[in-house]
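**Student:** Generate the whole structure from the sequences, applying the supplied hints.
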Amino acid sequence: MTSANQIRMPAGGASASPAGPRRGGHDSARRADNRRKWYEIIGLTTPAVLIYVMFVLVPMGFAVYYSLFRWRGVGPPTEFVGLRNYTLAFQDPIFLDALRNNALIVFGSLLIQGPIALGVALLLNRRFRGRAVFRLLVFVPYVLAEVTVGIMWKLLLTGDGTVDALLRSLGMGGLVQAWLADLDVVIWTLLAILTWKYVGFAIILLLAGLSNVPDELTEAAAIDGASWWQIQRHVTIPLLGPTIRIWMFLSMIGSLQIFDMIWVTSVPAVRSLGASATMATYMVDNGFFARLWGYGNAVAVILFVISFVAALLFQRFLLRRDIEGAITGRAK
Amino acid sequence: MATKRRASAVLALLMTSVVVLAGCSGGGEEAAPQSELYKDPVTLSWWHNASQDGPGKTYWEKVAKDFSALHPTVKIEIEAIETNQLQRTRLPAALLSSDPPDIFQAWGGGEMTEQVEADYLKEITDQTKTEVGDIGSAAEIWQVKGKQYGLPFRMGIEGVWYNKEMFAKAGIAAPPTTFEELNTAVTKLKAINVIPIAVGAGDKWPAAHWWYNMALRACSVDALKKASAEKNFDDPCFVKAGQDLKAFIDTKPFQPNFIATPGQNDPTSANGMLANGKAAMELMGDWNRGTLDTVTTDKAKLASFLGWFPVPAISGSPGDPKAALGGGDGFSCAKNAPAECVEFLKYLVSPEVQKGYAETGTGLPVAKGAADAVKDPALKSILEATSGASYVQLWLDTAYGSTVGNAMNDAIVAIFAGNGTPEKVVSAMKAAASK
Numbered sequence: 001m002t003s004a005n006q007i008r009m010p011a012g013g014a015s016a017s018p019a020g021p022r023r024g025g026h027d028s029a030r031r032a033d034n035r036r037k038w039y040e041i042i043g044l045t046t047p048a049v050l051i052y053v054m055f056v057l058v059p060m061g062f063a064v065y066y067s068l069f070r071w072r073g074v075g076p077p078t079e080f081v082g083l084r085n086y087t088l089a090f091q092d093p094i095f096l097d098a099l100r101n102n103a104l105i106v107f108g109s110l111l112i113q114g115p116i117a118l119g120v121a122l123l124l125n126r127r128f129r130g131r132a133v134f135r136l137l138v139f140v141p142y143v144l145a146e147v148t149v150g151i152m153w154k155l156l157l158t159g160d161g162t163v164d165a166l167l168r169s170l171g172m173g174g175l176v177q178a179w180l181a182d183l184d185v186v187i188w189t190l191l192a193i194l195t196w197k198y199v200g201f202a203i204i205l206l207l208a209g210l211s212n213v214p215d216e217l218t219e220a221a222a223i224d225g226a227s228w229w230q231i232q233r234h235v236t237i238p239l240l241g242p243t244i245r246i247w248m249f250l251s252m253i254g255s256l257q258i259f260d261m262i263w264v265t266s267v268p269a270v271r272s273l274g275a276s277a278t279m280a281t282y283m284v285d286n287g288f289f290a291r292l293w294g295y296g297n298a299v300a301v302i303l304f305v306i307s308f309v310a311a312l313l314f315q316r317f318l319l320r321r322d323i324e325g326a327i328t329g330r331a332k
Numbered sequence: 001m002a003t004k005r006r007a008s009a010v011l012a013l014l015m016t017s018v019v020v021l022a023g024c025s026g027g028g029e030e031a032a033p034q035s036e037l038y039k040d041p042v043t044l045s046w047w048h049n050a051s052q053d054g055p056g057k058t059y060w061e062k063v064a065k066d067f068s069a070l071h072p073t074v075k076i077e078i079e080a081i082e083t084n085q086l087q088r089t090r091l092p093a094a095l096l097s098s099d100p101p102d103i104f105q106a107w108g109g110g111e112m113t114e115q116v117e118a119d120y121l122k123e124i125t126d127q128t129k130t131e132v133g134d135i136g137s138a139a140e141i142w143q144v145k146g147k148q149y150g151l152p153f154r155m156g157i158e159g160v161w162y163n164k165e166m167f168a169k170a171g172i173a174a175p176p177t178t179f180e181e182l183n184t185a186v187t188k189l190k191a192i193n194v195i196p197i198a199v200g201a202g203d204k205w206p207a208a209h210w211w212y213n214m215a216l217r218a219c220s221v222d223a224l225k226k227a228s229a230e231k232n233f234d235d236p237c238f239v240k241a242g243q244d245l246k247a248f249i250d251t252k253p254f255q256p257n258f259i260a261t262p263g264q265n266d267p268t269s270a271n272g273m274l275a276n277g278k279a280a281m282e283l284m285g286d287w288n289r290g291t292l293d294t295v296t297t298d299k300a301k302l303a304s305f306l307g308w309f310p311v312p313a314i315s316g317s318p319g320d321p322k323a324a325l326g327g328g329d330g331f332s333c334a335k336n337a338p339a340e341c342v343e344f345l346k347y348l349v350s351p352e353v354q355k356g357y358a359e360t361g362t363g364l365p366v367a368k369g370a371a372d373a374v375k376d377p378a379l380k381s382i383l384e385a386t387s388g389a390s391y392v393q394l395w396l397d398t399a400y401g402s403t404v405g406n407a408m409n410d411a412i413v414a415i416f417a418g419n420g421t422p423e424k425v426v427s428a429m430k431a432a433a434s435k
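First to last, the sequence lines map onto chains F and D.
If you count the first sequence from 1, position 179 lands on 179 in UniProt numbering, and the numbers rise without skipping.
If you count the second sequence from 1, position 214 lands on 214 in UniProt numbering, and the numbers rise without skipping.
Quick list of the computed label-pair ranges, beta carbon to beta carbon: (1) P93(F) x L70(D): 55 to 61 Å; (2) T162(F) x S68(D): 46 to 52 Å; (3) E180(D) x L170(F): 42 to 48 Å; (4) K164(D) x W188(F): 38 to 44 Å; (5) F317(F) x E423(D): 46 to 52 Å; (6) T177(D) x L83(F): 53 to 59 Å; (7) T187(D) x V185(F): 26 to 32 Å; (8) N265(D) x R129(F): 43 to 49 Å; (9) T187(D) x L170(F): 33 to 39 Å; (10) L70(D) x V185(F): 58 to 64 Å; (11) V185(F) x G388(D): 42 to 48 Å; (12) D250(D) x G174(F): 23 to 29 Å; (13) T294(D) x V185(F): 26 to 32 Å; (14) T187(D) x W188(F): 35 to 41 Å.
Below, in silico cross-link-like pairs of lysine to aspartate or glutamate (EDC-like), each with a Cα-Cα straight-line distance of 20 Å or less: (15) K252(D) x D182(F); (16) K424(D) x D97(F); (17) K424(D) x D250(D); (18) K435(D) x E79(F).
Hints are computed from structural coordinates only; laboratory data are not their basis.
Cβ atoms here follow ideal geometry from the backbone N, Cα and C, with glycine treated the same way.
**Tutor:** Rendered as structure tokens:
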């Protein structure tokens, strides 16, 4: 964790280093101590730094380099085209569809999963019989591999499949859709599957956050005559703030990079028509299947920049207080 | 102070790792020494796509063992890789490196042209004259500018696989030979509440093949050859192909929601629909006999009702009605592979090995002497039609290369989905050619 932070600092530029340098020792013993500390830090972080550089930074540099070429993966890249691949991407309506789908998944996940997870977590935080079982059940979809979930839902949702039969037997045959074939419906179907899978993760995070809410506070509120609702609204939820923001952050990044589920659940034709494409599936479809390696790298860089900027903005404006450790409002 | 030192440490690390990486990627430039055949021990690495357990995979293992028994100095290491992975990622990456496999799957067409231009492949024109003579015109697909760079072991044309029982029930006397007759057959099949044609549009290419056949009928052989060689799609016949396709789709011959139906490999696929008696026809290549077997619930029943006929002609069109679309699988040797590689390649297409291949039932052999080993009646009719074809056009997406091919297939699928136009297919192909 620390090592990643230390590398990101020189790369990311201006972000301030919160820990460390204020301790200026004057006597020599202090200085020797200090030096030993640095040897330790360098010794312990070197393997991680090496791996990070070789498998993250260097490939990233290569991606940027290749993205400036018209290159089909045959022979070394020779035809330098500058930013042409980037302009081509933003001119392709399918890529714009992919961007729109990613945005929909980001906001859809936050707006749908957030309230559901909060409600369920508050319920599961109360004491009742079988609570452990419920907690487990809620978490099961998250444990399953994404590919497994995708294939499972694909089978359930085939035309006249299990879901359709279930709806009809419940007298809701009117709701039956071509879940994965209707170009206007498919992205909502995928969003529903994503919600089903990831809401459990949000719930578990929030439950962990809830266990950190001191009983004294809720007890005090109760003694003061607050109802259960009032306690949740004015005591518990505000104290859950940091957890909720961390979950939002993870959900946002995951939604921007979503690939596996879309890839296995939605067929190539529906993806290539833009109905279910995301930036990541678009990248693979064009990079490998259309053999536009330079172009695929450009898309990868765009995806990276969007995720990186989103992450930075989120950290800057929403997570700053949390990173400073302001859970109980005590600033450093 | 501390930050500065840390920054320089990171910089140092970065530089060392760059040096390390450069060290890894260099080297491997030395030329393979030319030596007498079978004198020194060699190991051939062989990449093929028969990755699923079955007769195909087992047969290649046997062939490799047999060759090693004949020539004890040669050891063959097989790696079986799923087609998409092999073709899209593993092979391009390996060819870029200094250590590609010695002998590997090759599909011919546009991709092979690119590989030859990048100097990846061994030229084998002189060494394989006998084999090429035996294989005939099909071997041309593995040529670039008249020179041989690979040899096929499987080759076939595509046509319509159909359910004879359903045709009889619908009162269709003989398989259609023109699109008018096909339209009539579709109407008759609808009347007995049967899905006339299954298409796996979800995988794109099974739908695109309908357009390819329209183009084959609409375009003269010259226009087709020009398109493959020069990526020139100016001939109006390519727009005509889209118009004909659109008119055909408008008669609603396909199953509902075909846009999400996969092509093969599972019971809900177009393949599965034909194999399990849920649809009457499917347009597919010669490998379909094997894939139908893997998705059917009743192999004996499938064998009893399965038939095959060539793609119908369009009357009054400039295309040659005896021309057919086809393709195959072959192998190429890497540029720096040992000379034994070419010997093994020749062994792979020799009549004995081809006979054994035909007996596995996974595809049609190319060597003339192996034709007798084909027993299945549907496959036999393909073999006859293949030898009777006046011109075999390689699958258009293979012929034009992945980039144009992919854009073309996407634009054709858009017509199937109802939001594309015949003109857009051609403009997408031209745009992709410059991408």
